[in-house]
Amino acid sequence: MAVETSKQVIPGAFSGTALRGDFPVFDRPTGSGQRLVYLDAAASSPKPRTVIDTMADAYGHHYANVHRGIYELSEDATRRFEQARKAVAGFIGAPSEREIVFVRNATEAINLVAYSWGRTNVHSGDLVVTTQLEHHANIVPWQQLTREVGAELAYVGLTDDGQLNLDDFEAAIARGPRLVCVSAVSNALGTINPVAELTAKAHAAGALVLLDIAQAAPHMPVDVSAIGCDFAVLSGHKMLGPSGIGALWGRRELLDAMPPFMTGGNMILRVTLEGAEWNTVPQKFEAGTPAIVEAIGLGAAIGYLNALGMASVREHERYLFEHAWAALHEIEGVRLLGPGDPAIHAGVISMDIEGIHPHDVATVFDSLGVAVRAGHHCAQPVMDRYGLPATTRASFYVYNDLDDVTALTDAVRACQRLFGGA
Amino acid sequence: MAVETSKQVIPGAFSGTALRGDFPVFDRPTGSGQRLVYLDAAASSPKPRTVIDTMADAYGHHYANVHRGIYELSEDATRRFEQARKAVAGFIGAPSEREIVFVRNATEAINLVAYSWGRTNVHSGDLVVTTQLEHHANIVPWQQLTREVGAELAYVGLTDDGQLNLDDFEAAIARGPRLVCVSAVSNALGTINPVAELTAKAHAAGALVLLDIAQAAPHMPVDVSAIGCDFAVLSGHKMLGPSGIGALWGRRELLDAMPPFMTGGNMILRVTLEGAEWNTVPQKFEAGTPAIVEAIGLGAAIGYLNALGMASVREHERYLFEHAWAALHEIEGVRLLGPGDPAIHAGVISMDIEGIHPHDVATVFDSLGVAVRAGHHCAQPVMDRYGLPATTRASFYVYNDLDDVTALTDAVRACQRLFGGA
Amino acid sequence: MDNLYRDFILEHYKNPHNKGVLDPHDLHYADSNPTCGDEMSITLLLESDRVTVADVAFEGRGCAISQASASILTDTLRGQTLDQIRALDPQAVLDELGVPIGPARLKCALLSYKTVQGAVSGGVAEWPEMAEAM
Amino acid sequence: MDNLYRDFILEHYKNPHNKGVLDPHDLHYADSNPTCGDEMSITLLLESDRVTVADVAFEGRGCAISQASASILTDTLRGQTLDQIRALDPQAVLDELGVPIGPARLKCALLSYKTVQGAVSGGVAEWPEMAEAM
Ligand SMILES: Cc1ncc(COP(=O)(O)O)c(C=O)c1O
Ligand SMILES: Cc1ncc(COP(=O)(O)O)c(C=O)c1O
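In the order they appear, the protein sequences are chains A, B, C and D.
First residue of the first sequence: 1, per my numbering; consecutive thereafter.
First residue of the second sequence: 1, per my numbering; consecutive thereafter.
First residue of the third sequence: 1, per my numbering; consecutive thereafter.
First residue of the fourth sequence: 1, per my numbering; consecutive thereafter.
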């Protein structure tokens, strides 16, 4: 069967089956002895060998602290680290790598903006807008900010099929917010938001736009310059890269005007007992020794994705999504969340299996070698909106194929059989 | 020569020459074709093969997001990640691993305390005390905090031989500070501070104590319970571990009472549109996906250090320090900073070579395969105190040996010859 | 198929013991696991000695593990004293379930334990250390 | 021994050209590299056309690279117009040094460039992009 499906080359795309050879995790025997069907990329993705090898080589042969070392090894490390910054900039269409700030993850990137830009630019009585389909990372920092400065936080609501309610959006924008925070792709529902359109409208209303591309950058072409947003945040670990590295992109003039977030070494030009002078961007926002090799690993992940081509990645996932959605749709007792239109649905399927708690679903799936996520996906307002405590979520990436879609639907049926008499 | 010195086993310690085999970087040919003499551990240390291999294995075969995954792979990753937290706690004598917060580096740990504890507990008119020998990471966050809340920041001065001025310390403590921030070992001078004594005095005066053990934990036994301090911070990359990982230790009741620093996923129990409830420690302070594999790598580094024994590590470095100090002392035109007493001097030697700028020194050294740091070492107040724009700093670690000491003194002489006629 | 969902657990889930609300009762406590929406409520009736459990019942909704664990745990409580119940080791509850419980499901498995502790400790209960922050 | 410190650089460092202060002068600018304490001051005298450099001198202290680069750069300025100097490519200054300059030493090598730019641009000079934030 695997042999057969390795021939499933989608026109213009690639074979997920074949790519599995690039990911060591698929050599791992599962506890149940079955092959691993990994359907949890939206939480974090496996790493291809090239990323692991690049990191091992960097740690082994090119490692030293960066930026201030006056010796070959440190210059080598610095060059590779800064090369990774260029790779990130190129990957998301940022005009300059100096607008790329390395952080731990998308969460830190949002907190950086909330602390630095937010505490400086959002005042009592101001409005910040986010949406009800955001990850907690794009909600709680804004709750904290607005509470602290006495501003208001408004949420754009959702339609029954998991899209942003555009009337709600228009109404919120009409109130003149300082900032609009929205994700390009929802991690809980898979919805692809019309970010260029939303950005244009927000700008017309005088608001800045922070785009959470944590679920978009790994899975489809993203060009922040073309979208026109002001900030964008991503996590390396969701896009084949290491843990511990992520990026904030911000327009240079915004970053230049912002005060630092964390302070210490590297981000200063001069420190005296009386005070300190800040370094220029991006160093101003990179206090202390950065995640040097993790940045280099992210660069390698971007290299791997670029070689596949992000348009092909999107096409591949869309293909899998369409098959999975159709097959799951046929199973009685399965409720699928989010829009059914593949043009606005990423490779993430959130479902409810009637009468079976998602935690039980995930445990049963695990016994079949199928790794999915069960829970609120750090998006409790989405769960509340659809009246569920949790959902079961399957998410696809480059190494998945139609066999995995079959494994998923088989697992749903097995689970239903097991709980049949409940 | 290397063969001969591999027999230099210090009584009770180990052979640095032999350990070099554990570090792949020493296989690297230098640009000048000479063997690499790495004397910059204080900036960041090379990584032993076991750390690199553990990480490659974790990325390859045990990687998934942690904490909420209901499948074998995620449980495996979670177990390894939490095991690393235990390793850190054990390594520094923390009573419980739940008091260990994973952060990117020591800098972030200090910023976390300054933002979370500081903004809650330091008010207008209060006093915070730091010292003139701190790394910028233990100065600038306190400048920012005290400026923001209208508190005062006082600095304990230094003696001519690079020790804390204890009269100054007593005088500062007598003024009843809220917090005393001090490093256990100075990165710029190598001074080992009497931290247990300082902590007892600060406590007697009603102050809490934050200990910067970034330069101590890698090089000597540290027991935060025995010292009695309240917070401690360290960076993994300085102790054979990966970049992108560090730790904050804090007493449980302090951490429990502190508000979160960054917010988002993982650190919450429940999020609604109205607000959020925080998770318990340490998760309350770990917003977003952590540096999972980097924590695991740090655990492996600690395993390596534990196998050597931290008392032996200290003994080894003390041995190298004594030889290096004595040999450099003999060279005319070399000024050594910091105390000469090896009992209070770690394996870090900061020097000024008369008439030659440290940047030139480092470049010449590099051409001889000797990697040292030249600059202000992120401790400009130390440089200002001794009237130097910069120093040349050599720092030792487990893989160094007497050959390296000889290479260092030879390089100093070569540099003097080259600039002789200046 | 799977050792977690072996018949024993599923049987308790499908046909729970001690399901309901005791009326009258001496002790009552309700709790929940906010991360997954599991809910649990327990009522206890005491003997005339005021320290020995005469009867127990639970109500709840949630996953099979949380419901089965409540069914199994409540089976063991009759005849025990409040002190004995307070001294219960959460590990014993896991052992009683007899199947491996991964870190992410510890709270599912221990919600009944926590709710019982709340009932016998005057309405105060914490997650056992092992399940904290998972 | 080392290609960075080959005789050429050391010779300029030990015996710098154009060292001093022009008095009188038409343009003057002083700058420093706070990270390493290098300091530089430049004076320029113009021809009667007010746009061509007649003479130049620098004073400074710091590392061999910063001082040698000032010596070498100032040698090239006589007879150039202010516009020509403003259009100078910092890479050309590095090339003129003729030895590889690592990222951490770019500011050493370009301090003289920055100071000259300050002098010919009315006292405003930025680090060239390549040396920024190093
Ligand atoms: C004493 C001391 N504290 C703090 C730091 C900051 O460490 P990091 O850059 O890893 O945050 C250093 C690093 O040089 C240090 O030596
Ligand atoms: C849309 C979205 N935003 C932000 C995040 C937070 O990412 P991280 O945990 O890497 O900070 C996630 C991760 O699940 C996400 O899906």
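Keep in mind that the hints are not guaranteed to be accurate.
Stated by the list, open to error - Among chain C residues calculated to face chain B with C-beta under 10 angstroms, some are: (1) A30; (2) P34; (3) G98.
Said to hold, decoys possible - Derived coverage of chain B by chain C (criterion: at least 3 residues anywhere in the stretch with Cβ under 8 angstroms from a Cβ of chain C; other residues may be distant): (4) 58 to 70; (5) 73 to 80; (6) 229 to 241.
Quick caveat, the hints were computed from the structure, so don't treat them as lab data.
Note that the Cβ used here is the ideal one computed from N, Cα and C, for glycine as well.
Status of each hint after checking the structure:
1. A30: Violated - the Cβ of A30/C stays beyond 10 angstroms from chain B, reaching only about 16 angstroms at its closest.
2. P34: Hint on P34/C: holds, closest Cβ of chain B at ~4 angstroms, below 10 angstroms.
3. G98: Violated, because the Cβ-Cβ distance from G98/C to chain B comes to roughly 18 angstroms (cut-off 10 angstroms).
4. 58 to 70: holds (count 4)
5. 73 to 80: holds (count 4)
6. 229 to 241: Since 0 is below three, the answer is violated.
Consistency with the previously given hints fails for numbers 1, 3 and 6, ordered from lowest to highest.
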